[in-house]
Each structure stands twice: as structure tokens, then as C-alpha cells.
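Number 54 in my numbering belongs to position 54 of the sequence shown; there are no gaps in the numbering.
Simulated from the structure, these hints should not be mistaken for laboratory data. Just so you know, these numbers come straight off a predicted model, no measurement behind them. Built from N, CA and C at the ideal position, the CB exists for glycine as well.
Label pairs and their calculated CB-CB ranges:
| id | residue 1 | residue 2 | range |
| --- | --- | --- | --- |
| 1 | A59 | R19 | 33 to 43 Å |
| 2 | W61 | T3 | 38 to 48 Å |
| 3 | R31 | T4 | 11 to 21 Å |
| 4 | A59 | R38 | 20 to 30 Å |
| 5 | L53 | Y21 | 19 to 29 Å |
| 6 | L42 | T4 | 10 to 20 Å |
| 7 | A32 | S60 | 15 to 25 Å |
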Amino acid sequence: MATTAMMVKAARKPKYKTRKYNRCPRCGRPRAFMRKFRMCRLCFRKLALNGMLPGVIKASW
Numbered sequence: 001m002a003t004t005a006m007m008v009k010a011a012r013k014p015k016y017k018t019r020k021y022n023r024c025p026r027c028g029r030p031r032a033f034m035r036k037f038r039m040c041r042l043c044f045r046k047l048a049l050n051g052m053l054p055g056v057i058k059a060s061w
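All chains, please: the whole structure from these sequences, using the hints.
This is the structure:
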């Protein structure tokens, strides 16, 4: 779990545009961020398994 200070720091507008980085809005995790869903892989998996993300199904082949 990310600290509140780091989440607030990431939400601010950076001095230079290239310094911006993505964080999961649910847990604040900076790594394993999926742009398409705007969340980290852990939150994505939890929501997908609970059926909270429309159109996302577990793969089986």
C-alpha cells in the first residue's frame, strides 16, 4: 500500500511533463499499471474476478 504522501505528490502537476508517472487510483501502486483500465494489475484482477469490470472474462483454452 502506497503512502498518502506519495499519492498526493504524484497527483500534483510536475515541473516538467516527462516527470509525470501513473499510479493506481485505488491502492496507489506505481508499478504494473495498465493504462487501458487506469489501475494496477492487482486491483484489476480483484475487480475482474468479482465481475465488476464489464467485458472482462477469465481466459480458458
